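Q: Letter by letter, the sequence shown follows residues 1387 to 1517 in my numbering.
No wet-lab data here; the hints were simulated from the structure. Source: prediction; values computed, not measured. Fair warning: there could be bad hints in the mix.
[Stated by the list, open to error] Across the chosen pairs, the derived CB separations fall in these ranges:
{"hint": "1", "residue 1": "G1480", "residue 2": "T1460", "range": "17 to 23 Å"}
{"hint": "2", "residue 1": "W1421", "residue 2": "V1441", "range": "30 to 36 Å"}
{"hint": "3", "residue 1": "E1392", "residue 2": "D1462", "range": "15 to 21 Å"}
{"hint": "4", "residue 1": "R1498", "residue 2": "Y1439", "range": "29 to 35 Å"}
{"hint": "5", "residue 1": "E1392", "residue 2": "R1438", "range": "17 to 23 Å"}
{"hint": "6", "residue 1": "A1398", "residue 2": "R1499", "range": "15 to 21 Å"}
{"hint": "7", "residue 1": "M1429", "residue 2": "D1462", "range": "15 to 21 Å"}
{"hint": "8", "residue 1": "E1495", "residue 2": "R1403", "range": "15 to 21 Å"}
{"hint": "9", "residue 1": "R1437", "residue 2": "T1460", "range": "28 to 34 Å"}
{"hint": "10", "residue 1": "P1404", "residue 2": "W1472", "range": "17 to 23 Å"}
{"hint": "11", "residue 1": "R1438", "residue 2": "T1391", "range": "31 to 37 Å"}
All residues carry an ideal CB built from backbone N, CA and C; glycine is no exception.
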Amino acid sequence: MMTRTELEDTLARYGIRPGLRSSMQTVELLEKILWEPAYGTMMDGYAVVGRRYGVRPVQVERNVHARILHVWRTGDDRLLQSLLPWRTRLDPPGNREFLYALAAQIRMEYLRRGRDILYEGLENAPTEQCV
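Please put together the full structure from these sequences, using the hints given.
A: As structure tokens, then:
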């Protein structure tokens, strides 16, 4: 499974650098999307992360959105266009669109390397059932 450090390194390429509270909240939401695809709604994710940081879900939502807007304004054009080619600098994505697109990109990168990010851990391995 992808480690937190590998995930942070990947996000740093997009301009989401560790150390900022908004970046760490973004990393935690992305981890939920990557490894718990059926975890619930974005508000559920904001609530989980908010409890961890002692803030309300709406504050997590705002922090993540501020981080995404910063990345969208200052990030690498080539990377951002490969992530969301239908968006322009003047049309930033919302939290859900950005995080799910980033999660899909990370999964595809792992699959290209011959690794399945969702099933690398023993506890997540799919089981075959004979009928």
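Q: Run every hint past the structure and note whether it holds.
A: Each hint tested on the structure:
1. Look at G1480 against T1460: about 18 Å separates their beta carbons, and that is inside 17 to 23 Å.
2. Hint check: W1421 to V1441, Cβ distance near 23 Å, so the stated range 30 to 36 Å is violated.
3. For the pair E1392 and D1462, the beta carbons lie near 19 Å from each other, so the given range of 15 to 21 Å is met.
4. Judged by the Cβ atoms, the range 29 to 35 Å given for R1498 and Y1439 holds: they are separated by roughly 34 Å.
5. Between E1392 and R1438 the beta carbon distance is about 21 Å. The supplied range of 17 to 23 Å therefore holds.
6. Hint check: A1398 to R1499, Cβ distance near 19 Å, so the stated range 15 to 21 Å holds.
7. Checked against the hint of 15 to 21 Å, the pair M1429 and D1462 fails, with Cβ atoms roughly 30 Å apart.
8. At roughly 19 Å, the beta carbons of E1495 and R1403 sit within the given window of 15 to 21 Å.
9. With their beta carbons about 30 Å apart, R1437 and T1460 fall inside the hinted range of 28 to 34 Å.
10. Distance hint check: the CB atoms of P1404 and W1472 are about 29 Å apart, inconsistent with the given range 17 to 23 Å.
11. In this structure the supplied range 31 to 37 Å is violated for R1438 paired with T1391, their Cβ-Cβ distance being about 19 Å.
Comparing the model with each earlier hint shows violations of hints 2, 7, 10, 11; every other hint is respected.
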